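Visitor: Sequence:
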Amino acid sequence: MKRVVRQSKFRHVFGQAVKNDQCYDDIRVSRVTWDSAFCAVNPKFVAIIVEASGGGAFLVLPLHKTGRIDKSYPTVCGHTGPVLDIDWCPHNDQVIASGSEDCTVMVWQIPENGLVTPLSEPVVVLEGHSKRVGVITCQTPYLLLSPKPEAHLFFRLLSGCDNVIIIWNVGTGEAMITLDDMHPDVIYNVCWNRSGSLICTSCKDKGIRVIDPRKETILAEKEKAHEGARPMRAIFLADGNILTTGFSRMSERQVALWNMQNIEEPMSVTEMDTSNGVLLPFYDPDTSVVYLCGKGDSSIRYFEITDEAPYVHFLNTFASKEPQRGMGFMSKRGLDVNKCEIARFYKLHERKCEPIVMTVPRKSEMFQDDLYPDTAGPDPALEAEDWFEGKNGDPILISLKNGYVPGKNREIKVVKKNILDSKVPKKSEHSSHANKSASSTPSIKSEAKMDEILKEMKSLKDLISSQEKRIIKLEEQMSQMAI
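Heads up: the sequence shown begins at 1 in the UniProt record's numbering, then just goes up one per residue.
Derived from the structure by calculation, the hints contain no laboratory data.
The model shown is predicted, which means the values in this text are computed figures rather than measured ones.
Backbone N, C-alpha and C fix where the C-beta goes; we use that ideal spot for every residue, glycine too.
It is possible that some hints are incorrect.
Taking lysine-lysine pairs in the BS3-like style, the calculated list, with each CA pair at most 25 Å apart, reads [unchecked claim]:
{"#": "1", "residue 1": "458", "residue 2": "469"}
{"#": "2", "residue 1": "65", "residue 2": "339"}
{"#": "3", "residue 1": "204", "residue 2": "215"}
{"#": "4", "residue 1": "401", "residue 2": "71"}
{"#": "5", "residue 1": "391", "residue 2": "215"}
{"#": "6", "residue 1": "19", "residue 2": "339"}
{"#": "7", "residue 1": "9", "residue 2": "469"}
{"#": "8", "residue 1": "131", "residue 2": "204"}
{"#": "9", "residue 1": "19", "residue 2": "71"}
{"#": "10", "residue 1": "352", "residue 2": "363"}
{"#": "11", "residue 1": "469", "residue 2": "19"}
Computed spacing ranges between beta-carbons, pair by pair [claimed, not checked]:
{"#": "12", "residue 1": "121", "residue 2": "468", "range": "18 to 28 Å"}
{"#": "13", "residue 1": "456", "residue 2": "112", "range": "17 to 27 Å"}
{"#": "14", "residue 1": "248", "residue 2": "306", "range": "23 to 33 Å"}
{"#": "15", "residue 1": "65", "residue 2": "127", "range": "51 to 61 Å"}
Generate the whole structure from the sequences, applying the supplied hints.
Guide: Dropping the structure here:
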């Protein structure tokens, strides 16, 4: 019987590593034993967690700064323990968050043209975890979610080791929601759904959970989604289904698809191989293609997700000789649409970062509408305040037909005050409403200005003090010479 080949425009996608002069060389990639990607990329910068003495650090390189990276190149270096995970804010290409073994999450503003001196002062330090922070994830403009597991951490959510998830409002530096009784063991990863209304998690107890964070309730839970003892991953797909990677009881790597409305049985399970590297899934909601990168593997496998059984369709494998220590995944805004590039990875070697381009072969030089539907742009659908008030919003889409032109990023402002606090005594609510609306914005501005003035005064006083000490020393030397 003749076999029918499934039709797909992504069937011939091929991967190709760039030339050596387009790689980032002589980088000491972190040796920390942790199953995060160690790399985060956006249309302006590539960030890489590196080895550092006396604390934790990561490099932030403009994309065009390829070639050999000098050992003295400045790093982001404010953590007192190794950095475990990093992630860029999806709405501001100069804002990045980092989680560390020092139990803190730090948010950083990178200068527009990159670093010229080491950056050790974060915009805000988020403290609330009692153990290492291993997972971070960003959602609305300065909204971070952070779980506290014992082994892993992400960037739209921040995660430490005490089995807790914390959602932060970075604009005020406060922990707004703490989910501390839903996971009996280490949280491996956390992922937002497309509208930002739900999160899904994978845990060391082998379970996956779908959680409404604002109601602080578990909507769906599957015990032993994968029966193996090695770490799992769970991510939301655009249609609301959940894709997981994990291990079978016989230590075979698996990929499974789940419907959260009927989560007891998987829609599909695909057996992979018996390698022991954790499979990191990278998902493109525009093309419904998921890429699986195993830590320690030397390949990237990719699958197309459809609504036809068996739902998860194998496309191809990109294979290379060197194993990968970590992997970064470029957002759609950073791709070259003129070359039909549908994905770009930044593969970490022991001493190098190597971009890998995924391309659909097309003869026409016209813009390929079918490959590039409108994609998520940098503008947030909601502000953090809107989300906490119960609103949801799908990403605001942009066209890539004429390429992506970045706008000006706004500077992140942190006001150490919970501007979302609605616990106002009812008696005074009406009387103070008019005053609030008239004065809230000026008070925030004046408070920020006051902080700036005080900081400058302190630095000037410190300078004067140091100069006075220097003058005294010089006077002593002069008196000794006179004698």
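Visitor: So if I understand the rule, the pair passes when the alpha-carbon distance is 25 Å or less; does residue 131 with residue 204 pass?
Guide: Holds. Residue 131 to residue 204 sits at ~16 Å (cutoff 25 Å).
Visitor: Holds or violated: are the alpha carbons of residue 9 and residue 469 at most 25 Å from each other?
Guide: Distance of about 72 Å is beyond 25 Å: violated.
Visitor: Are the Cα atoms of residue 401 and residue 71 separated by 25 Å or less?
Guide: Judged against 25 Å, a Cα distance of about 40 Å means the pair is violated.
Visitor: Take a quick look at whether residue 19 and residue 339 sit within 25 Å of each other, Cα to Cα.
Guide: Holds, because 16 Å separates the two Cα atoms, which is no more than 25 Å.
Visitor: Are the Cα atoms of residue 458 and residue 469 separated by 25 Å or less?
Guide: holds (17 Å)
Visitor: Starting from residue 19, check that the Cα of residue 71 is at most 25 Å away, please.
Guide: Status holds; Cα separation ~22 Å.
Visitor: Does the Cβ pair residue 456, residue 112 satisfy 17 to 27 Å?
Guide: holds (22 Å)
Visitor: Could you grab the alpha-carbon distance between residue 391 and residue 215 and see if it respects the 25 Å cut-off?
Guide: Satisfied, since the Cα-Cα distance of roughly 13 Å is no more than 25 Å.
Visitor: Going straight from one Cα to the other, do residue 204 and residue 215 come out at no more than 25 Å?
Guide: holds (24 Å)
Visitor: Is the Cα-Cα distance between residue 65 and residue 339 25 Å or less?
Guide: holds (21 Å)
Visitor: Evaluate the given range 51 to 61 Å for the C-beta pair formed by residue 65 and residue 127.
Guide: violated (33 Å)
Visitor: Check the hint pairing residue 352 with residue 363 against an upper bound of 25 Å on the C-alpha distance.
Guide: Violated - the C-alpha atoms of residue 363 and residue 352 are around 33 Å apart, more than 25 Å.
Hints 4, 7, 10, 11 and 15 from the earlier list are contradicted by this structure; the remaining hints agree with it.
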